[in-house]
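*Asks:* Listed below, chain by chain, are the residues.
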Amino acid sequence: MAEPLLSVRNLKTYFYTDEGVVKAVDGLTYDLHKGETLGIVGESGCGKSVHALSIMRLIPQPPGKIVAGEVFFEGKNLAHLSDEAMRRIRGNRIAMIFQEPMTSLNPVLTIGEQIAEAVMLHQKLDKKAAWGRAAEMLERVKIPLARERVRDYPHQFSGGMRQRVMIAMALSCNPSILIADEPTTALDVTIQAQIIELMRELQKEFNMAVILITHNLGVVADMCENVVVMYAGKPVEHADIYRTFQDPKHPYTWGLLHSIPKLYERKERLIPIEGQPPSLIDLPSGCPFAPRCPFAMEICVQEDPPDYVVGSNHTAKCYLHSEYADEDHLKRAAAAGLAASTRSGSS
Amino acid sequence: MAVANDDLILDVRNLYKYFPITKGFIFQKQVGAVKAVDGISFNIRRGETLGLVGESGCGKTTTGRVILRLMEPTSGEASFEGRDIFKLKKEELRLLRRNMQIIFQDPYSSLNPRMTVGDIIGEPLEIHNLARGKEKMRRVQELLEIVGLSPYHANRYPHEFSGGQRQRIGIARALAVNPKLIICDEPVSALDVSIQAQVLNLLEELQKEFGLTYLFIAHDLSVVKHISDRIAVMYLGRLVEVADADQLFDNPQHPYTEALLSAVPIPDPAVRRERIILPGDVPSPVNPPAGCRFHTRCLYAQESCRVDDPELVDYWGNGHFVACPILPFRHQRSRAAVLKPAAR
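Chains as they are written, first to last, in our numbering: chain B, 1 to 347; chain V, 348 to 691.
Hints were generated in silico from the structure; no laboratory data involved. Check the hints yourself; a few may be wrong.
Chain B side only, calculated, beta carbon under 8 Å to chain V, not exhaustive [as the list claims (entries may be wrong)]:
{"hint": "1", "residue": "Arg57"}
{"hint": "2", "residue": "His122"}
{"hint": "3", "residue": "Ile260"}
{"hint": "4", "residue": "Pro261"}
Stretches of chain V that chain B covers, calculated by requiring three or more beta carbons in the stretch to come under 8 Å of a beta carbon on chain B [what the hints assert, rightly or not]:
{"hint": "5", "stretch": "488 to 494"}
{"hint": "6", "stretch": "554 to 566"}
{"hint": "7", "stretch": "612 to 620"}
{"hint": "8", "stretch": "624 to 638"}
By construction, the Cβ of each residue, glycine as well, lies at the ideal position given by its N, Cα and C atoms.
Let's have the full structure, built from the sequences with the hints guiding it.
*Replies:* This is the structure in structure tokens:
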């Protein structure tokens with residue numbers, strides 16, 4: 001396969017707080033290729049947003065620190081870049097949009113000024129050309145009367161329109177990667193549908209890679225090609241969407257899929273994941289999901305499982321796929337629809 | 348509706364709630380109104396769950412609060428077991444609230460951080476003179492067990508609990524007075540996916556055990572579909588469709604319902620659906636469009652829709668109410684073919 005556009009290797013971002021060390025991201029590895037859409041899924045506090053800020057080098061230091069791992073963008077290790085060089089990448093080559101557009105827009109500047117600022121800075125255009133670019137971008141994201149609305153302030157836009165403005169701003173410099181952190185979570189479902197459709201179109205048009213961070217499995221199934229499922233700072237499963245949704249190999253992924261009500265299925269009872277997500281401070285040894293896992297074995301509470309290859313381009317951090325799994329556990333998992341893969345070694 | 352009156356626990360008729368918009372500081376004068384709830388009628392049968400869905404700002408939360416009289420209505424009637432809620436005096440209202448309780452969306456802001464869990468759940472018992480002292484503590488512990496917490500949690504403070512556990516505390520508080528009707532206002536929206544299912548299951552178990560009736564307000568259609576017997580769809584202060592849950596999902600008749608259902612992303616990559624993308628945003632409730640409120644975004648709008656204000660009509664006599672005079676003629680079309688997952 002071609003050289004990945006972005007390569008994250010064993011990334012660890014910790015926060016040193018008074019209560020202890022919060023291992024927000026604890027060993028994340030993945031490759032992102034040109035034009036790919038990768039979903040990062042997980043519940044609140046699983047480290048999915050922190051991972052994005054780590055890539056962008058926006059982690060507040062202290063208390064945060066990237067303690068290990070590398071992020072390569074087009075072959076360059078981002079950690080080794082000077083602040084100046086990083087600024088040329090951030091917002092220019094790698095752009096980011098956030099969940100709540102109102103908090104990421106400056107309320108006292110018109111949106112034209114805000115888009116033009118980025119364009120002037122990164123693309124070295126003069127003011128007039130930059131404003132022209134701003135208006136053009138607003139048209140690209142289908143804001144009605146874009147040429148006039150350039151001079152409006154953020155509060156004059158609705159939530160969905162503000163998210164369009166954010167997208168326009170992010171794409172104004174033609175980035176090769178767009179990181180979208182819960183881009184539709186604050187929006188109503190009919191507006192969410194509009195934004196998803198827009199992002200799909202623009203991704204094709206701009207031929208960029210997208211990292212979509214979300215907790216909504218529906219949005220992932222809709223937009224992504226590949227998915228990393230995160231739990232307590234760790235990537236527990238990594239596969240394409242078909243495998244993830246139809247043949248999950250990690251009990252957490254399996255549990256998530258069973259606990260959500262389906263629109264077109266009649267079910268008497270949901271099967272919840274029992275218990276609570278663990279606190280990220282001083283996590284116990286072993287698999288972080290073990291206390292909630294219906295298939296946990298002795299080994300699971302003792303040692304952190306490595307990634308097991310469970311199919312082509314499909315890995316799961318779970319001992320069910322190792323030689324530790326006994327017949328009894330495998331049978332129970334299979335009965336529940338969590339088929340253990342043909343056993344293969346650790347990757 | 349074709350239901351005997353004593354089967355109805357709540358009957359709401361022509362409910363309006365306007366919030367005045369005023370101008371000026373000392374001499375305030377009203378210059379307009381936010382028409383949050385703009386003339387809705389519905390009823391809830393004993394023991395059923397009525398889901399109320401709609402997007403933000405459509406007035407669903409206001410509806411719940413007005414029914415409980417946490418806000419006074421602008422006009423309208425709502426009878427609970429035959430008595431008009433809006434005509435009750437203070438003391439009568441207190442008695443009514445023993446029968447009607449609410450569970451709020453945000454388990455972080457709806458529990459007093461300075462009170463212990465025992466005091467929070469015990470407070471309604473004292474207010475309604477149901478139990479005091481030791482008897483109260485015994486009841487609190489019992490309630491904690493009912494909602495899946497432990498009796499020793501009574502001495503703890505809300506901040507010691509996670510979101511899902513706090514929601515359980517809110518449920519225990521609502522249950523304390525043995526209510527008949529509970530208004531659940533987005534009870535799982537603030538919770539993580541893996542926790543939502545726990546709380547939904549709990550609500551269903553409690554309903555069976557105590558014969559509860561729910562008005563379940565939410566914006567998540569999958570959740571509403573799962574828990575509701577009947578569903579009412581709200582748009583801009585009005586109800587546009589009311590039907591049995593299955594009926595509504597299999598055969599939606601209002602163009603808004605249809606678009607809303609098609610917009611929900613399905614967590615299955617094998618399902619490819621025809622998605623109806625509604626143009627534009629929801630208009631402001633200060634100045635809602637004349638005629639049908641939905642006509643500005645409707646894909647089937649006709650000239651008459653700009654003028655005629657449609658009412659909820661049970662066109663087929665089967666309890667499937669639609670506020671759209673255009674679509675009923677397309678009754679037999681099968682949306683199911685489009686909306687149901689295609690064969691793999």
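*Asks:* At a Cβ distance under 8 Å, does chain B reach at least three residues of the stretch 624 to 638 of chain V?
*Replies:* holds (count 4)
*Asks:* So, as I understand it, the hint says Arg57 of chain B touches chain V; can you test that by seeing if any CB pair is closer than 8 Å?
*Replies:* Hint violated; Arg57 of chain B Cβ to chain V Cβ min 28 Å, cut 8 Å.
*Asks:* Have a go at the His122 of chain B hint: is there a Cβ in chain V nearer than 8 Å to its own Cβ?
*Replies:* 31 Å, violated
*Asks:* Min Cβ distance, Ile260 of chain B to chain V: is it shorter than 8 Å?
*Replies:* 6 Å, holds
*Asks:* Are three or more residues of the stretch 554 to 566 of chain V within 8 Å, CB to CB, of chain B?
*Replies:* violated (count 1)
*Asks:* Tell me whether the statement that chain B covers the stretch 612 to 620 of chain V is true, taking a Cβ distance below 8 Å and needing three residues at minimum.
*Replies:* holds (count 7)
*Asks:* A closest beta-carbon separation below 8 Å is what the hint needs, so does Pro261 of chain B meet it against chain V?
*Replies:* 4 Å, holds
*Asks:* Is the listed coverage of the stretch 488 to 494 of chain V by chain B valid when you require three or more residues with a beta carbon under 8 Å from a beta carbon of that chain?
*Replies:* Three-residue rule not met by the stretch 488 to 494 of chain V, so violated; n is 0.
When held up to the earlier numbered hints, the structure conflicts with 1, 2, 5 and 6 and fits the remainder.
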